[in-house]
Amino acid sequence: MQLSFQGQLSREEFLQVMRAHYRVSQATVIFRLVVLALGLVAVGNSVLRGNLDLQLVVIFSLGFVFLLFPLALPYLALTSFSRNPNMSGKVSGTISEQSINLRTETASSTIEWNSLRKLRRKQDILLLYHSGNTFNFFLKRFFRSEKEWKKFIDLAESKVSNPKR
1 MQLSFQGQLS REEFLQVMRA HYRVSQATVI FRLVVLALGL VAVGNSVLRG NLDLQLVVIF
61 SLGFVFLLFP LALPYLALTS FSRNPNMSGK VSGTISEQSI NLRTETASST IEWNSLRKLR
121 RKQDILLLYH SGNTFNFFLK RFFRSEKEWK KFIDLAESKV SNPKR
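First residue of the sequence shown: 1, per this note's numbering; consecutive thereafter.
The hints are simulated quantities; they were obtained by calculation from the structure and are not laboratory data.
Nothing false has been slipped in among the hints.
List time: in silico BS3-like cross-link candidates among lysine-lysine, alpha-carbon distance up to 30 Å:
(1) K118 x K150
(2) K140 x K90
(3) K90 x K122
(4) K159 x K140
(5) K159 x K90
With the hints as constraints, model all of the structure from the sequences given.
Here it is, written out as structure tokens:
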């Protein structure tokens with residue numbers, strides 16, 4: 001079996017890939033925003049009572065960073081997308097039982113299935129991980145048909161020893 005793929009990633013698709021990687025779920029976003037709102041109420045209450053102290057400001061500031069930084073990670077990754085033509089340029093390749101061959105305008109690579117440690121699938125995106133933060137991504141629209149996309153998913157799930165969905 002040999003499948004082929006080709007496409008070019010848009011800025012919004014890159015954000016979707018990064019959200020899939022960082023697993024920023026809607027529930028997480030809502031929880032963090034609720035906690036942040038409660039913190040703002042506490043600070044506002046202290047200001048109104050006239051007893052705002054430096055310790056409360058520092059705690060709230062650190063909490064603010066802790067709560068919002070993970071939500072910002074996909075957007076911080078956009079600098080890579082803008083600067084690296086291998087991320088924003090056209091990609092094509094073939095997939096076989098033995099390996100995945102990738103080609104961009106400036107590079108080519110062969111990925112052996114046994115070098116992949118896990119996969120993560122979110123909607124129409126598949127991430128194939130070499131390690132914790134090193135991965136290749138594939139979008140459903142890079143394939144000619146739904147049938148080819150499903151063949152690729154099935155092959156990936158059979159080849160990668162620890163699939164994560």
